[in-house]
Every structure is written in structure tokens, then in C-alpha cells.
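Trainee: Below are the chains, spelled out letter by letter.
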Amino acid sequence: MLRFIVRRVLGAIPILFGLSVILFMFLRLLPGDPAIAILGQHATPQLIAQIHETLGLDKPLYVQYLNYLGQLLQGNFGASIIDSRAVADTFAIRFPITVELTIGALIFAVGLGIPLGRLAARHPNGWIDGLVTVVSLFGISIPIFVLGYTLAFIFAVELHLLPYPGPIDPRLSVDPVTHFPIIDAVLSGNPGAVVDAFAHLILPAIALGSIPLAIVTRITRASVIDVSNEDYVRTARAKGLTRKRVDDRHIMRNAWLPVTTVIGLQVGSLLGGAVLTETVFGWPGVGSWVVTSIQNHDYIVVQSLILIFATIFLTVNLIVDIGYAFLNPRIRYS
Amino acid sequence: MDGARGGFGAPMPPRVVAVVRKDFDVKSWASVLAVMALVAMGCGGSSSTAQDVGPKKGGTLTVALDGDIHYADPSLVSDSTSLYVANQVVEGLVGLAPGTLSEIVPVLASDLPTISPDGLTYTFKLRSDVKFHDGTDFNAAAVKFNYDRWKAFPKGDLQSNATDFAAVFGGFGSTSNLAQVDAPDKSTVVLHLIHPQSNFLISQTVAAFGIQSPTAIQASGDNPSLKVNAYALGTGGQGKAMVGTGPFMFSEWAANDHVTLVKNPNYWNAQSAALLDRIVFKPFADPASELKALQSGAVDLVETLDAAEVGAVSKDASLVVLDRGSGCNITQLGMNDYDTVNGVANLLGNKGVRFAISAAVNKPSYVTGFYAGEATVADNWLPAGAQYYKREYLPTYNLSGSRSYLAGAGVPTSGLNVDLYYPTGAPTTVFPDAKGLATAISVDLQAAGFVANLKPEAYSPNYLADQAAGKMQMWLQSQSCQWAGPDDILYSFFHYTNDLPSAMFSYKNDDLNTAMTSAMTDADQTKAKTDWQKAQDLIAAGMPTVPLLNAKLPAGAHTYVMGFVGAGNRTEILNTVWLNK
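Protein sequences appear in the order of chains L and R.
Numbering-wise (our numbering), the first sequence opens with residue 1 and increments by one.
Numbering-wise (our numbering), the second sequence opens with residue 1001 and increments by one.
There's no promise every hint is true.
Stated by the list, open to error - Taking lysine-lysine and the DSS-like style, the derived pairs with C-alpha atoms no more than 30 Å apart in a straight line are:
1) Lys1227(R) to Lys59(L)
2) Lys1529(R) to Lys1351(R)
3) Lys1471(R) to Lys59(L)
Said to hold, decoys possible - Far from chain R, some chain L residues (derived; all Cβ distances over 10 Å):
4) Ile140
5) Ile202
6) Gly264
Keep in mind the hints are simulated off the structure, nothing from the lab.
As the structure is a computational prediction, the values presented were derived from the model and not from experiment.
Note that CB positions come from ideal geometry on N, CA and C, so glycine has one too.
Can you make the complete structure from the sequences, with help from the hints?
Mentor: Below you can see the structure in the form of C-alpha cells.
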């Protein structure tokens, strides 16, 4: 197992290196100039040249890349071209917000998706299965931004049931200690702030979790039906075991494997989906940061964030692979 | 000001809004009247009603902005969002009268300055009763510290961001037109210029020239690298960034989440002290989110509405569009007026053709069609309300007139090909519907004998870069004022040096250039006014581009937001705002 982990970690290095080269070149091939993004309509050739010099954009591309790589190897992700803040500092503030949103979406998707999948599998091809299928298709088909704006319009604008936008009402003056909005609300000792933070999470979590919900539901359904048709399940039933015991000990234990794989892979998708969800719901997390940085041609931030996202994705995949071994003792890594 | 639209103007009494439910029956009304009578009796016969109640103090106003601020040091910002926040916190020697674009009034100076006859020396007498938000004294030494600091900004981050100082004074250090600042006593400061510049006073109304606490800046270290400049990054919080003298004090900046200002309890001008306890500014990435936040009650006021938002806000009884009056911006049909390139003649190099285009475009229809009526037809390149503005009588929509211009220009009267560029992905407050506007213009031009080839291009930064480089023949262009002086638009558009017109317009008019050069360096403001108005006449006679409209950029708010006194260039201070709830 240890050898497997070491091999996977070492294998990630050329992937990340290659990605850094591609990202660096790709972003600079895009038309546009960050100096003009900074200066806007007041850009003059003199000011543009001055900003190029200040930011080192007047140097040859390979020099710029080597400078960037040198910083990376020292654990320095650089600083934003637009607001001069260190990427690592801003990431430390924004990432907890994205994590909270991702966890919220995952809880929604898994918490609802597995029961729905099991329910559909218990009545295959019946009306309940049909209804679950329709809900799944709806979740997977509708774009996040459409669902997000629709939810906001219905529940925040029309019904005033849930708050919008942002992770917490700024009027509550919750001190950002951990930068996890709910935890900070708890630490503030203000019960109203805690309720407000949870309420702010509901709509974006539903919007972001809609696609994973559909996938988890479908995979759970398919997996449970597959396992239900296995001989050992039939045997268990023939032995007269209760339905609950058959479900819990014989079906679900074996149906978990593909479901776990999918849940693990969804973490990466959720981080990607956060880009849209955070923009729609005004969450100041990493996702909305990517959007504004792309708009501003903030090369350093975009390339650093994508590298960090890639690292997270590779790590989560590795954890899922390791998790297999615990869920299914028959799997051995070498 | 459009009082009928509610909540606008100087502090106003709260409006009594009767919410009438359709299912209210006679019995219900009788109950209400009975309760009202009891309440009146309970008031001991007083005639006091809700309308007599003055502005309420306290509360938090949440304001939606079109993006985050860039830095917490106003001298390093030039974007409208950062300056909007800075305007609440810092004050300059002079400022603008509320609700005006160009009426200069003393603020930290006790009076307007005395200007030497040669226009090189500005002597300001200062108020003696002012303190910075950190409790230190405002005085002549503080003013000198600020101007000296700006002038001495080292090359790198600070110079790159202090674009307003560079634009006004022509550069930093020895290249700056600011020769020296003297502080002969605590309440007198003297600014010496190398050459006279007639835009000096109006340019000093911009928040980038707000005076900040020397103590706070020095304590922060004022690092030339913005990556570690705690003052500019606002990381220190209250008293350690954006330390000015205004009615609100900087409290906190959570980047891309919110900026919080709190009331300055010791504001030097008690009559103009803030009514609100706090303002929270929330940045938004797109107008749709901003509008939903307003509708859901998450924000009380949206700083700038685009045309689509204006429509939605107007239809909502709980919301109100806050008119700021005439905007300080110009949306025009940019034109490259070069004569020939590689031996090929440019149609737009012909003045008659430019006049024909001017008469072919139906400007009022663009105002109603693409700006929800929140714009005025431009009759000059300079927005109405700007300093030394003069109304010019430009051709109005007249197809036969347009054809006459073409006939007189000696060009064919049909099949005239021009490329018309428009931006995609532009902020909707700049171009609410650029494609729609370009299409409407192309249809109008077609009726006059032109064939306009529509050319879309991504707004930022390609479009801006290409227009600056003169790569477009004709294009939609929008420019807003940094200050409402004629130089900020006319000079930046059409002035040139070394006999070489700007690449953007390629418009060479030596008489105009001479008039503008003279206007910029006039020591006497009366002479400057004459020269600037002559320049406007010359531009109108040459029609280098076609001004279309001035967008109004209204704000939007809940009806309980009262006392908003808007300014067309979005420089209003929210000290008069209060919440009627």
C-alpha cells in the first residue's frame, strides 16, 4: 500500500509540471493585456509599458516561466497582478468558503441521492422509479446558473423564505476567524448568525449539488439493483432474513463501492461547479475568484489556482483509491 | 431631481406609503380609521404625523457595488468603485457641491484658494477644526506630507497605480508639474506649479487627492511594494488604512466580500455628519445577482443600475430608481479620420461624410431603445454640467439632410462601406446592449446610403486596446469623466504633440490643438473658459466623431432609503442618507 501511495504521489509531479507549462503558455496565448485590465479606459502607451515593467511582463516568456517556477518550488504561488495580494493569503481566506459550500452540496447530494436511489431500486420500473428518474434527469440537465437564479428568484425574491446572496449577512458583523462562515458564526456566539449562515447555505448547496444528486441517485439505483440480483442476496432472502437485514448487510455493503467512487469523483466536479455557483450566489470563494481573475487576465492567480485545483483533484482520487481497499478487502494495490 | 420617483433629494420626510390590499373591506377600513383616531388621541391632540418626523439616525445601509475596491489607499485607485467608497472617507482641499458635476467648493480648505496672476501659485487657507479618523490633527504639514508623498512615489507599484496624480501633474518626481508644496504655518499651504494648468482645481476634487493621516501612513511603513503594503491592502483595519477626515471611517475590508465603513462620531462639520451608523459595501460580479439581492432585501441600495435593472426596479413598488441627473460620460460613434492608408482613401477622412453620419443616426431612439430612457441625447462631446460646457447645435436626425451632406462631400450616395466595431462582454453599465445599439446604428446608416459591416470584439482588453491603437474604422466608444473638466475628455481625445494626432482618431486639427493647448495652460479661468468654448466650437465644426448620448447611471434602492443626493459622476457622499424603517 505504501509503495502504491508513493508511486502515485511521484506520478503526480510530472502531471503538475506539464500542467504548469501548458497553463502558463495557454494563458499568455490568450489575446489581451492585464495592464489594460488594470488601467481601463485611461490606458496610455507609457502607463502600459510602465505596468509591464513593474509586473515583469516585458521579459521573454521563458524567463517569466522560470521565475514563476522558481517561486513555485519555494512554495510561493506569487501575487495577484491586479490587487497585489499573495495568492496563498487570499486562498487561505477563500478556500474555507468554497469548502463549506462543497460540503453543503455533498451533504445534499449524498443525503438525498442514496435514499432516492435505494427507493427507486426497491420499485424498479414502477412510478416511484420513474419519478426519481425524472428528478435525476432534471438535476443533470439544468445548468447550474439557470437553477441558481431560479431558486434565488423563487425563494429569496418572491417568497423571502431564504436569504440571498453571500454566505452570511454582512450586517451581522461576524469576525472571520476560521473563514468558514458557519464556524465563524458559531464562534461569534450569536445564534441568529448561526441560523443565518445555515440559511445562506441552503440555496447554493442545492444548486451546486443538483448534478451530483442526479449522479449519486442513478448510480445507487443501478448498483443496488445489480447487487440485489446476485445469488448470495437470493440465498439470504431464502434463508428468511428480514428485508432490512438483507438490505443493510448484503446489498448496501456491496453496493457502496461504485457509489463511493462516484462520490469521490464528484468532489472534483463540485470544485469546478463552484465557479458558477459562487458567481450566481455571490459567495467570495475560490470559484468566483477564478472568474474575476480570468476576466482581469490575472495570469498568476489563474495558473496558481488551477494548479491547486489539480493537486486537490489528484489527492482526492488517491484517497478514493485507498478507500477502496478498506471497503473491499479483495482489492490489493501493488 | 425627480422627487416623484421617491426617496431622492436632500433629507426628506418619510413618505407615508399606504399599502392597500384588494381584499380590504369596509369593515377593515373602519377598524383602521378607528385605530388611527385612537392613536391621534393618544398623542394628546398633537398634529404630528409621520410626515413631520425628521431624518432618523442610525442603522446600517448595505450597498451593492459593481465589483470590489482595488486598494484601501485612495491615492492608488482610479476606478469608479474604489473612488465611490473613498469619497465617503477622505476629503480633499476642495470638493464638489452636492448634486453637481463641476461646482467647486472648499472642503478642508476654509475657502477657495488665492491664485497668483501667473497661475503658478495656489494658496489655501485650511480649516483648523479638523481631525483625522485616528485622532491626529489635520493641518498644513499633513497636506504637504500627502502631496510630497504622491509626487515622490517610486517607480513600480505605487507609480503604476497612482494614475490620477500622473494624469493631472504629468508624471512623478522631476517630471511632475507640481514644483513644490510649502506649509508656512499650520493653517496655510501653498502649492507651486511649474506651468499654469487650468484643470488644477477641478482635478483636486477627485478622491484620489483626498488628504490622509500622515501618522497612519508612516506607521504602516508605506512599503513601495503593494504586496506587503498593509495600508493599501487594508489588512490593519480601522485606523490603519484609508484614514481620512470624512463623515465615515474605514472599518474593514474583506476582499471580494465587503467593505465596512462606520460613522465618524467626531466629524468636523456637525451639520453634515452621517445619519447612518454603518455602510456595508458588497461587490457583485453581475447585474442579475445585484438586482436579486436588492429585490430580496439583502442590499438596500444598488450603486449603479443598468438599463435592464432600471426596468425591473421601476416595476417593483417596494423599490425606486434614484436619478442622478445628467451623467458625466459620453457614448459616441468613434471614428478614425485618417485620409489614406497605403494609398487607399478612408471614407471617414471626409468631413462631409462624418456630418452625413451624424445626421443619419437617430439618437433619441437609442436612448429609449437601449437605455430605458436613462440617458440624454448628446449635443456636445463634453457632457452637460461639465466645466465650461457649451451647447453645440449638432445635426439632428434627418435623412434628407444626411444625403445632402453626402452629395456635398463628393462621394457616391449609396453603397458606402464602413466597418462598425462593437464590444461584446462589456459592462452593462457602460454599454447596456452594445450589439443592439450597433445594429440600430447600422440600420440607420443603411437608410442613408451606407453599408455598415458589424464587427464584434471582446471588450476587455482587446476592444479597448484596438481602439487605442487606431485599428478600428468606426466603433462604439464610451468614456466616463474622472473629473468633469473639459480636459478630461476633449484634451484626452483630440490633443496631440509633435504634429502627430492620436492613433485612436487620427484627427488633425491644428486650430483645435492650439486652442486646447492654450486653454490647458491659461492662468486665468475666464480666459480658459473662452478657450475651451472655442475648442468645443471647433470640434463641432469638424465633427471628428459623432457624440450619441450621455448615460445617466441611476442608482436603485428600497423606498425606505431616504435622503440620497446623487451626482452624475457618482461622487455623492452618503452622509445624508437615512433609513425610514
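Trainee: Any hints this thing doesn't respect? Which numbers, in order?
Mentor: none
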